[in-house]
Amino acid sequence: MSKPVDDKNKHMFDDPKNIKRVIHALYAVCGVSLLLDLVVHRHVDHPWERLFGFYCLYGFAACVILVLVAKELRKVLMRPEDYYDK
Amino acid sequence: MTSSVAPFLIFYISAVLAGVTGGRLRAAIMLAVPVVGALNLWGMADGTAGQLVLLDYTLTFMRVDKLSMLFGYLFHLAAFLGIVFSLHVKDRIQHVAGLAYAGSALGAIYAGDLVTLFLFWEMLALTSVFLILARGTERATQAAMRYFLIQVLSGVVLLAGVIIHAGTTGSIAFDFIGLGGVGSWLIFLAFGVKCAFPVLHTWLTDAYPEATPTGTVLLSAFTTKVAVYAMARSFPGTDLLVYIGATMAMFPIFFAVIENDLRRVLAYSLINQVGFMVCGIGIGTALAINGAVSHAFNDVIFKGLLFMTMGAVLYRTGKMNGSDLGGLYKSMPWTTGFCIVGAASISAFPLFSGFVSKSMVMVAALQEGHPVVWLCLLFASAGVFHHAGIKIPYFAFFAHDSGIRCKEAPRNMLIAMGLSAVICIFNGSYPWVLYSMLPFPVDYEPYTVAHVLTQSQLLFFSALAFVWLQLRGLYPPELPSVNIDTDWSYRKLLPAAAIAIRTLTGNLAAATRDWTVDAFSFAHRKIYRLHGPEGVLASSWPTGSMAFWTAVLLLGYLLVNYFS
Chain L
1 MSKPVDDKNK HMFDDPKNIK RVIHALYAVC GVSLLLDLVV HRHVDHPWER
51 LFGFYCLYGF AACVILVLVA KELRKVLMRP EDYYDK
Chain A
1 MTSSVAPFLI FYISAVLAGV TGGRLRAAIM LAVPVVGALN LWGMADGTAG
51 QLVLLDYTLT FMRVDKLSML FGYLFHLAAF LGIVFSLHVK DRIQHVAGLA
101 YAGSALGAIY AGDLVTLFLF WEMLALTSVF LILARGTERA TQAAMRYFLI
151 QVLSGVVLLA GVIIHAGTTG SIAFDFIGLG GVGSWLIFLA FGVKCAFPVL
201 HTWLTDAYPE ATPTGTVLLS AFTTKVAVYA MARSFPGTDL LVYIGATMAM
251 FPIFFAVIEN DLRRVLAYSL INQVGFMVCG IGIGTALAIN GAVSHAFNDV
301 IFKGLLFMTM GAVLYRTGKM NGSDLGGLYK SMPWTTGFCI VGAASISAFP
351 LFSGFVSKSM VMVAALQEGH PVVWLCLLFA SAGVFHHAGI KIPYFAFFAH
401 DSGIRCKEAP RNMLIAMGLS AVICIFNGSY PWVLYSMLPF PVDYEPYTVA
451 HVLTQSQLLF FSALAFVWLQ LRGLYPPELP SVNIDTDWSY RKLLPAAAIA
501 IRTLTGNLAA ATRDWTVDAF SFAHRKIYRL HGPEGVLASS WPTGSMAFWT
551 AVLLLGYLLV NYFS
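Going down the list, the sequences are from chains L and A.
In terms of this note's numbering, the first sequence opens at residue 1 and continues consecutively.
In terms of this note's numbering, the second sequence opens at residue 1 and continues consecutively.
No lab work stands behind these hints, which were simulated from the structure alone.
Given the structure is predicted, the values throughout are model-derived calculations rather than measurements.
Even for Gly, the Cβ is constructed at its ideal location relative to N, Cα and C.
Hints may be right or wrong, so weigh each one.
Stated by the list, open to error - Lysine-lysine pairs mimicking DSS-like chemistry, simulated, CA-CA at most 27 Å apart:
no.: 1; chain 1: L; residue 1: Lys86; chain 2: A; residue 2: Lys492
no.: 2; chain 1: A; residue 1: Lys407; chain 2: L; residue 2: Lys10
no.: 3; chain 1: L; residue 1: Lys20; chain 2: L; residue 2: Lys10
no.: 4; chain 1: L; residue 1: Lys86; chain 2: A; residue 2: Lys319
no.: 5; chain 1: A; residue 1: Lys319; chain 2: A; residue 2: Lys90
no.: 6; chain 1: A; residue 1: Lys319; chain 2: L; residue 2: Lys10
no.: 7; chain 1: L; residue 1: Lys71; chain 2: A; residue 2: Lys492
no.: 8; chain 1: A; residue 1: Lys319; chain 2: L; residue 2: Lys71
no.: 9; chain 1: L; residue 1: Lys75; chain 2: A; residue 2: Lys492
no.: 10; chain 1: A; residue 1: Lys319; chain 2: L; residue 2: Lys75
Said to hold, decoys possible - Computed Cβ-Cβ distance ranges for the label pairs, DEER-style:
no.: 11; chain 1: L; residue 1: Gly53; chain 2: A; residue 2: Ile93; range: 52 to 60 Å
no.: 12; chain 1: A; residue 1: Arg92; chain 2: L; residue 2: Lys10; range: 43 to 51 Å
no.: 13; chain 1: A; residue 1: Glu445; chain 2: L; residue 2: His46; range: 13 to 21 Å
no.: 14; chain 1: L; residue 1: Glu72; chain 2: A; residue 2: Val422; range: 35 to 43 Å
Same shape as in the complex, but just chain L (with noise of 0.2 Å):
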């Protein structure tokens, strides 16, 4: 996450390049993470924990899954603005 500078006129995310550097950023910590699972040992309370950059795919894969499957969910529940209005 970025912190937002509000300066005169010309804004932080106006420019492309900046929000390229937040996404790399974000790119180096998630890599960053990840290594770190190789060096840190870590305790655990359940096996599957202990399985290499569990947390890491876990997050990714809830996530997309989460999004995919809510996405399926708007051709059902989905209506117009005014549905209720009527």
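Dock chain A against chain L, hints included.
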């Protein structure tokens, strides 16, 4: 103890005072109330007081122990933040309702018996509905009526349960009840409605987003947390709650992802967070209850903060749909920053408040042998970051520039948001003050290398998924729309069924009427033919024919006699 006043009284009296004063005096009274109330709490010792004997039962207005004190302080804090946030509001009704609502929540928390709990349970509904009505729109009015009806009904169910429970056990004590007879199930159901159990949850997602910008902040703090408190008191260790809680943590996030109204997104995520608490209460170990209660504390502050930031946006722009907003970081940088603190807290980033409380419930789930529930909660943790942690700040303040340029939020709003943000960071970075207030001694260390690393991995890769989906164009865009939920059953199905039944009965009645009329007119026609002016039976007969027929009869008689 004896020198203290029942906390709800302070708020009720000040609600009256706020009703008859105005301007700076009212503001001063309102700001003083939570402070005076908190000082009042300071002097309390454990025990019960304020008892009133009514028929065979003793009503207790003040039961003081660690659990009620934690919620007591929490509600004073939440009331203070909510009051600061709403100081700019001129509407007298909202201020009076807000104070009375906070007082009712305190009354319920300190209730020592189920009858007193019921009284304040209904007062919560009665006082809070004005915060929704005050919005003044047709939509809000209708949502308020639905909200009020369901809330009052939950009170009726509670009362029925209490009566049956008292009849079978002879006790109205507001202590551990556990699932047993019909009475306890009804009490459980009533608590469940206010907890927003799945299928019973739509009063919350329906009404909260329709309340005033400041009203929603108060609403999000009290009603559901009173229910969590009641659950923790009466049904800890109830296995069913583990599964209900896991469901509550899971299902709302799907709705949140596709919801356009950002305050409704937060309403769904409120249910998701209460799910963690309900699950912890169901697990019922000291660690789990501590987790549930401390998460309730943190949730009131960070969810309040998130509702404040969205309230500020609504107040300044008049818009709340993700499809209409975007780019507001340029106009409201402070609000943006506070929103990000709230987002980080609800997502449980290390150093932010959610990190030190939610994980207690998750560790307890594993320790008590619920690995599948643990996976569900982990899924919900990733999901909550996705919809509340990223979606809310992203679509309101970043995303595409909507072109809206407005003023930064009013100063009182900024102060309230700033204070909330400070509490979020303080509790997250230095949890031991919060831990010392919990009902059980805390034997839990949140800041282990493993916990910090795994939680960071979960969140970073969730963010990565968001970026990936956005860049690939797979992320569902914000669309002007509504999504149907179980409230569809009483907002569409029930009215449609009523109309259908009315039409059907109408048709039946008409058919019966037609048939009856037909039958009568048929009978009438028949009788008329026989008895009418032209009818056979109505025609007059001449005397001659009478004599003739008499002669015929006599002749017949003669012949019969003659031959026999």
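Hints and how they fare:
{"no.": "1", "hint": "Lys86(L) / Lys492(A)", "result": "holds (10 Å)"}
{"no.": "2", "hint": "Lys407(A) / Lys10(L)", "result": "holds (17 Å)"}
{"no.": "3", "hint": "Lys20(L) / Lys10(L)", "result": "holds (17 Å)"}
{"no.": "4", "hint": "Lys86(L) / Lys319(A)", "result": "holds (22 Å)"}
{"no.": "5", "hint": "Lys319(A) / Lys90(A)", "result": "holds (21 Å)"}
{"no.": "6", "hint": "Lys319(A) / Lys10(L)", "result": "holds (24 Å)"}
{"no.": "7", "hint": "Lys71(L) / Lys492(A)", "result": "holds (23 Å)"}
{"no.": "8", "hint": "Lys319(A) / Lys71(L)", "result": "holds (24 Å)"}
{"no.": "9", "hint": "Lys75(L) / Lys492(A)", "result": "holds (18 Å)"}
{"no.": "10", "hint": "Lys319(A) / Lys75(L)", "result": "holds (25 Å)"}
{"no.": "11", "hint": "Gly53(L) / Ile93(A): 52 to 60 Å", "result": "holds (55 Å)"}
{"no.": "12", "hint": "Arg92(A) / Lys10(L): 43 to 51 Å", "result": "holds (44 Å)"}
{"no.": "13", "hint": "Glu445(A) / His46(L): 13 to 21 Å", "result": "holds (18 Å)"}
{"no.": "14", "hint": "Glu72(L) / Val422(A): 35 to 43 Å", "result": "holds (41 Å)"}
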